[in-house]
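Trainee: Residues per chain, in single letters:
Protein chains: 4
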Amino acid sequence: MILVINNQASEKEIEDVKKKIHQFGCEVYESMGLNHHILGVVGDTSDIESGTFQTISIVDKVILVQEPYKKANRLFHPDNTVVDVNDRSIGGKKLAIIAGPCSVESEEQILSIAKSVKNSGAGFLRGGAFKPRTSPYAFQGLKREGLELLKFAREKTGLPIVTEIMSTEFLDEFVEQVDVIQVGARNMQNFDLLRQLGKTNKPILLKRGLSATIEELLMSAEYIMAGGNENVILCERGIRTFEKYTRNTLDLSAIPAIKKLSHLPVIIDPSHAAGLWWMVEPMAKAAVVAGADGLIIEVHNDPENALCDGAQSIKPEKFDRLMGKLKILAQVEDREI
Amino acid sequence: MILVINNQASEKEIEDVKKKIHQFGCEVYESMGLNHHILGVVGDTSDIESGTFQTISIVDKVILVQEPYKKANRLFHPDNTVVDVNDRSIGGKKLAIIAGPCSVESEEQILSIAKSVKNSGAGFLRGGAFKPRTSPYAFQGLKREGLELLKFAREKTGLPIVTEIMSTEFLDEFVEQVDVIQVGARNMQNFDLLRQLGKTNKPILLKRGLSATIEELLMSAEYIMAGGNENVILCERGIRTFEKYTRNTLDLSAIPAIKKLSHLPVIIDPSHAAGLWWMVEPMAKAAVVAGADGLIIEVHNDPENALCDGAQSIKPEKFDRLMGKLKILAQVEDREI
Amino acid sequence: MILVINNQASEKEIEDVKKKIHQFGCEVYESMGLNHHILGVVGDTSDIESGTFQTISIVDKVILVQEPYKKANRLFHPDNTVVDVNDRSIGGKKLAIIAGPCSVESEEQILSIAKSVKNSGAGFLRGGAFKPRTSPYAFQGLKREGLELLKFAREKTGLPIVTEIMSTEFLDEFVEQVDVIQVGARNMQNFDLLRQLGKTNKPILLKRGLSATIEELLMSAEYIMAGGNENVILCERGIRTFEKYTRNTLDLSAIPAIKKLSHLPVIIDPSHAAGLWWMVEPMAKAAVVAGADGLIIEVHNDPENALCDGAQSIKPEKFDRLMGKLKILAQVEDREI
Amino acid sequence: MILVINNQASEKEIEDVKKKIHQFGCEVYESMGLNHHILGVVGDTSDIESGTFQTISIVDKVILVQEPYKKANRLFHPDNTVVDVNDRSIGGKKLAIIAGPCSVESEEQILSIAKSVKNSGAGFLRGGAFKPRTSPYAFQGLKREGLELLKFAREKTGLPIVTEIMSTEFLDEFVEQVDVIQVGARNMQNFDLLRQLGKTNKPILLKRGLSATIEELLMSAEYIMAGGNENVILCERGIRTFEKYTRNTLDLSAIPAIKKLSHLPVIIDPSHAAGLWWMVEPMAKAAVVAGADGLIIEVHNDPENALCDGAQSIKPEKFDRLMGKLKILAQVEDREI
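The listed protein sequences derive, respectively, from chains A, B, C and D.
Heads up: the first sequence begins at 1 in the UniProt record's numbering, then just goes up one per residue.
Heads up: the second sequence begins at 1 in the UniProt record's numbering, then just goes up one per residue.
Heads up: the third sequence begins at 1 in the UniProt record's numbering, then just goes up one per residue.
Heads up: the fourth sequence begins at 1 in the UniProt record's numbering, then just goes up one per residue.
One chain only, chain A, in its complex shape (with noise of 0.2 Å):
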């Protein structure tokens, strides 16, 4: 942490300053520029409070140096973190597909997109039974008995299961039924949520918010992790901007901007970021020669008919054709699917 003083401060005043750091066992280097004077502050300084320096009236600046996570930072632990997940894994060489519906309808819709995508080379079904949706009005899916269909989706494909908690509430229930739980991007900062998952040992799949920084995103992986679970899988899906072609902008660039400061798994979801079923394969290809560790991918047997996201859904044979190029450029990627 590096104070900037103000040039106009008096030398009681700077006293005063470095008085407080030392309270906080940490040692102060002090340097004149030109035009400020700079007190580097030396030790952990993630105990203290940002706010704590930058009300005091000579300090103009305070730069944190050192990155706020601590367990989900590439820093303390340089190699490559793999997710078990039954008998599979995600981070590895092999690429994390999970395919399937926005929210499982009905014991044939979902049993027969499983059978499909696991088919074409899916490694897991993806499926929603808690629906978070901006409407009240909307459908929020079949709640107990969605998960019911996706475990039933399970027992006859062997395709692990991945469905979205909204609550702390089903919290026993999803631990027990399900092989990754997700997080979505309107509950990536629902504090009281991580921090019951830390407690489990499931591997979580973390979206990141709407409009959530990376540094804020391996916070909240942070906050799972703090609690001693690291079995965490972060996932772009997209961030909110001022261009509304698409429903959000999809931030590739993340992918080797988390490999750098973490070592967790990144997957990226093309189905949400553009909310355009037609973005779906060039999205999906550039995330994966970009560095991803997988996709999440909405297919949908009856698109028009969904009864939710449809618009960015892909039929079962787009997606077996996307698999089919996503399959030769993980090869080149020295990767596979």
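Keep in mind that the hints were calculated from the coordinates and are not lab data.
Please note that the accuracy of each hint is not assured.
If several chains are the same, the list does not tell them apart, and a pair holds so long as it fits within one copy or across any two.
[Said to hold, decoys possible] Restricting the straight-line Cα-Cα distance to at most 25 Å, the calculated cross-link-like pairs of lysine-lysine (DSS-like) are:
#1 244 with 260
#2 199 with 118
#3 327 with 93
#4 325 with 93
#5 156 with 19
#6 315 with 260
#7 61 with 244
#8 199 with 12
#9 325 with 260
#10 315 with 12
#11 19 with 118
#12 325 with 315
#13 244 with 118
Because the structure is a prediction, the values reported are computed rather than measured.
Mind docking chains B, C and D on chain A? Use the hints.
Mentor: Structure of chains B, C and D alone, referenced to chain A:
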């Protein structure tokens, strides 16, 4: 709802779309533009999934005409809503001034601040007991003990208390003990929480999410209102933009916008918006003359040692001087403090 | 400038960086954090290309301490700048109210509006002669004829005229004929134009770009000032954000921010910000109490038939009522109109 | 164009609006929604000022159906445009790889880089002679001398040269000497410059502004094309968002979006987007598989001593390895390099 149809669509394809519209109990009006064929959907379209028509290949665009919220919509409720809180109200001629520390830290602290802001003319006491913090290592609030201290301060000063709920887990305690339940920006789309709050009759202070549109804020209000609780107060607290000199960008145009779209009261939080104590005064004044129904301001007797958000808190003396200025402006605007 | 050095750097590599710092005539202070090695660069760093050190592989971060602008910086010029325009001034106790149509359309139109806004108390007349339009097919202004009409209106009313320059091609004519030369938001970083304007001594009204940070706005002012022209007036006119209910989001916190960072006057354009005539009044009032030095407001006698921006123009009667309200607020703020 | 009329409008008021529509030579179709009255405007609406109807008090919303660009619109020009540049082309099967330094610094530098990138397979040489810099104190380019050096490098290597124009002042020289004239992001809406370029027949590389929507980019292309010059190449180079880890956020979904809306070629600038040299490779690869028609990449033989943008430049050896990978990906995509 208006559908813009591709000019290469066949008659048969258009017929199919019309049939689908009729299935929703809506009627179709039709018109040919120079390069586009237009289908208007007349009837109650609020139950139609937006994706329903976007998935059809001949549909180029789906344009919504009707706002997706009903109970929060001024169209169906022309008069301003006034929310009663104990013997006070929010949304009437008198501005609601809510003041207090970011977090409750001790009996002495909260009582001292409560007395002080009351003397300056504040009508409500704010204070965090459960704190949403970006870092798992930061102070998370005194929790239940914080609630007890707030109640103690209320008992001594008569000020109704406003505090944030972070999870449905503590809902009953909040309903029993708190006067206005605050939903923080990060939980604005925690739909489970909103739904539960909709089943109570408590006044809810709903903060706009960092990157939520005004329409999304109103949809979240709709969640609470759809459950039967119409005591919703909206709060603008700064949105996330590219500008980083301020922590967020206070969107004061949200005041006239919300007043036009909705009948619910709107208050402004100038403390969280910029995150800089010296911007609280100009932004608070601006909010009052722009038509806000109130303000929520962080006041701390010792910002330099505050356990959170010290950088944006003002001292009681500064708050007192600010209130003097606000009273004059309120009078100019034919409001009261 | 502060360099954060990777903790895996060798002594040799660090020595090389220090040598490079010395080459720029700067000194180095050094300190070891827990996980980082810090090199502080002391001296005039404003000539060092920011990329110079970022390219070195052992440098993890380059942190700038000093603002990159000098002449616009309040640090070196503590007193407010007051810009003289004919017999008036901008930046002093009296607020500068600039009013008039988006574009000059006819002698009758500009004269009628000029007289009307003068009667209401405006101090300056605005009107576009050369219009920057998103579409090549839209009305592009009366150009030279527009300038003539503005001069005619000035002759009849005595109001100094403010109008936008779009290209260096017409620079001489503008210098000779216009009282305040406006640089539009889209040209805020047209550096050639800025440089040319820096060689004149005309007052320049510099509008903030749609997505320009406050620092970038000050750097563009610096371009003009570096050439010797210190008569710069800054103008906030709304920034581009994700919110689309308003055309742009008016950033009123830019007023106190700029006042802290710079000595230049700041005015607000409430018309272009929201793009909605009914938001002009609340935002104009908010700007005055937030500390703006003036306003630039679009007034049109026949908005429905205006050749541009009718949607954000207010009628003369509405402007007159607004001025009545602004006079009271100015008085409360110890300013005048 | 569709007008949503307030449900409290009188018949007389609606009649007036219809008359106005007829005045523009358009026809009206009409329909009653449940809560809104809808007027459809049929005919060529591209000449109607968007504000024309928004100013009418009974008009709640104006919805545009037709895109405002014509010549750039794929609707009227279904086939891809291929722009010829000397003996090469941009927009065909062969990807256009444009490489070179941020700015031309010396004969030795530009020649060495030109030879090197040619050997690696680049088809065009880029290099800045006139440099737009945020700071007036930063290196502004070698200007005319830079153009001479570029011509010299072209003579020696045969690579067509691409360089940025900053002002109409040098237009004739650029037309005579340069092969592709680049319009930088900051000048995307310098309409005077665009108009002048429209009168030439030079290939124009038009970069998307930092906060320009895709539609605005296409409108700026339209400015050039409306003047008669249809040789426009579009370039996405990162947009401004809240995320600050990267300098800008590369919007790769702009590739399929532009391909759908327009027939013009699209290239990607992975260097300016992130501003980080180590992100150039993953983003360049992603661009190719997402369907880009080419890349513009900064290559410098000595990034640490580059006079600008060193932080985002890659060395020739790195560029060579990157080209090897891109060739494989191009082949997979049925393109060539």
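Trainee: If you test the structure against every hint from before, which numbers come out violated?
Mentor: 2, 5, 8, 11, 13
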